[in-house]
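Visitor: Let chain E serve as the given structure and place chain R on it in line with the hints.
Here are the chains, one letter per residue:
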Amino acid sequence: MDDLNFAIIAPLAFINIVLAVTALVDLFKRPSVNGPKWVWALVIIFINMIGPILYFVIGRRDT
Amino acid sequence: MSVLFKKEMLEMVRSFKWIWMPLVFIALGIMQPLTSYYLPDILEEFGGLPEGAVFEIPLPGSEQVFAETLGQFSQIGVFVIVLALMGSLAGERSSGTAVMILAKPVSHASYFLAKWLAGTLIAFISYLAGAGAALYYIYLLFDPIAFQQLLLSSFFYLMWLIFTVTLVLFLSTFLKRSAAVAGAALVILILLALASSIFVEPMMWTPGHLLALSNLAIQSETLSGLWKAVITTIILCAVMIAGAIGYLKRREWVQG
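Chains as they are written, first to last, in the UniProt record's numbering: chain E, 1 to 63; chain R, 1 to 256.
Think of the hints as simulated: they come from the structure by calculation, not from any bench. Ideal placement from N, C-alpha and C gives every residue a C-beta, glycine not left out. Please note that the accuracy of each hint is not assured.
[Unchecked claim] Some chain R residues near chain E, calculated using beta-carbon distances under 10 Å: (1) Phe16; (2) Trp20; (3) Ile30; (4) Met31; (5) Leu102; (6) Val106; (7) Ser110; (8) Tyr137; (9) Leu141.
[Stated by the list, open to error] Capping the alpha-carbon separation at 30 Å, the derived lysine-lysine pairs in DSS-like fashion look like this: (10) R:Lys7 - E:Lys29; (11) E:Lys29 - R:Lys6; (12) E:Lys37 - R:Lys249; (13) R:Lys249 - R:Lys6; (14) R:Lys6 - R:Lys104; (15) E:Lys37 - R:Lys176.
[What the hints assert, rightly or not] To list a few chain R residues with every Cβ distance to chain E over 12 Å, as calculated: (16) Lys7; (17) Met9; (18) Tyr136; (19) Met203; (20) Cys237.
Excised from the complex, chain E in its bound form:
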């Protein structure tokens, strides 16, 4: 396990960060979502990849 490992795994980390940040920005801008906002924030931050997707699919409420 050397430096090469990090360069190879970094894109995965980057994808997770992009997903989480997009989801969080949308969560804070939206007036109301399905369920309490703080729960969604925890889900988005702590559940890798699946958290943000869950938010996009069932958390957002269309107005």
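Guide: Using the frame of chain E, we list chain R on its own:
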């Protein structure tokens, strides 16, 4: 048609589908080659092998790794596509958006086809992004794969994705709740894929066989029953599209 198509694309941008769908496929495409490559290390680290045990695990061939990636796409990737598209018509019917759109001088066919085209496009782009990421990692960690095999394999896989998109939109026209759409679509897709892998011969003419074909194509093995599966898929998709448009035209649709 083009106005409706633009509306669909805008809707997909607003709901972040253009961000998260390709990203999920890219992540899947990266993860599979990585786990295949580091499997010996991972086993050593967490496998609890007895002290001094020596296992020589041969590195899988690049074709096999790509086939495993396709397996990930058909499990998690298809799940993602179903979730993203389940509300396409059902959601607009329950929110009242459909009433407003269909009150304008647009045909029911173009209303449905705009959604179908947008759904197919996003599924294609997501698959291509994911397959591209997988190929890059396979190129880094294993050997490159012959282009012709890739092309043939992708053709069958894209046919399966067209079938998936069509089925979800078809169900979304008939069922009122998006959750029901997702449930029904996943049950049908999983049953098709499972039946085709268990009963190979009798299921050769069903869309489920397309998955086997994309696997065989990448490992450059002989393809059997290829036109049967492709033709049935095209016919089934055409029937579902016609059926959905026919059902949309009924007066009760927007009111229900």
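Visitor: Could you run down the list of hints and mark each one as holding or not?
Guide: Hint by hint, here is what the structure shows:
1. Phe16: holds, 6 Å
2. Trp20: holds, 6 Å
3. Ile30: holds, 6 Å
4. Met31: holds, 7 Å
5. Leu102: violated, 18 Å
6. Val106: violated, 21 Å
7. Ser110: Nearest chain E Cβ about 23 Å off; hint violated.
8. Tyr137: This interface hint holds because 8 Å falls under the 10 Å limit.
9. Leu141: Cβ of Leu141 (chain R) sits 8 Å from chain E, so the hint holds.
10. R:Lys7 - E:Lys29: OK: Lys7 (chain R) and Lys29 (chain E) at ~22 Å, within 30 Å.
11. E:Lys29 - R:Lys6: holds, 25 Å
12. E:Lys37 - R:Lys249: The hint is violated at about 40 Å.
13. R:Lys249 - R:Lys6: holds, 22 Å
14. R:Lys6 - R:Lys104: holds, 16 Å
15. E:Lys37 - R:Lys176: Given that 30 Å is the threshold and the Cα spacing comes to 27 Å, the pair holds.
16. Lys7: holds, 14 Å
17. Met9: holds, 17 Å
18. Tyr136: At about 9 Å from chain E, Tyr136 (chain R) fails to clear the 12 Å cut-off, so the statement is violated.
19. Met203: holds, 31 Å
20. Cys237: Per Cβ check, Cys237 (chain R) is outside 12 Å of chain E; nearest 25 Å; holds.
Checked against the numbered hints given earlier, the structure breaks hints 5, 6, 7, 12 and 18 and satisfies all the rest.
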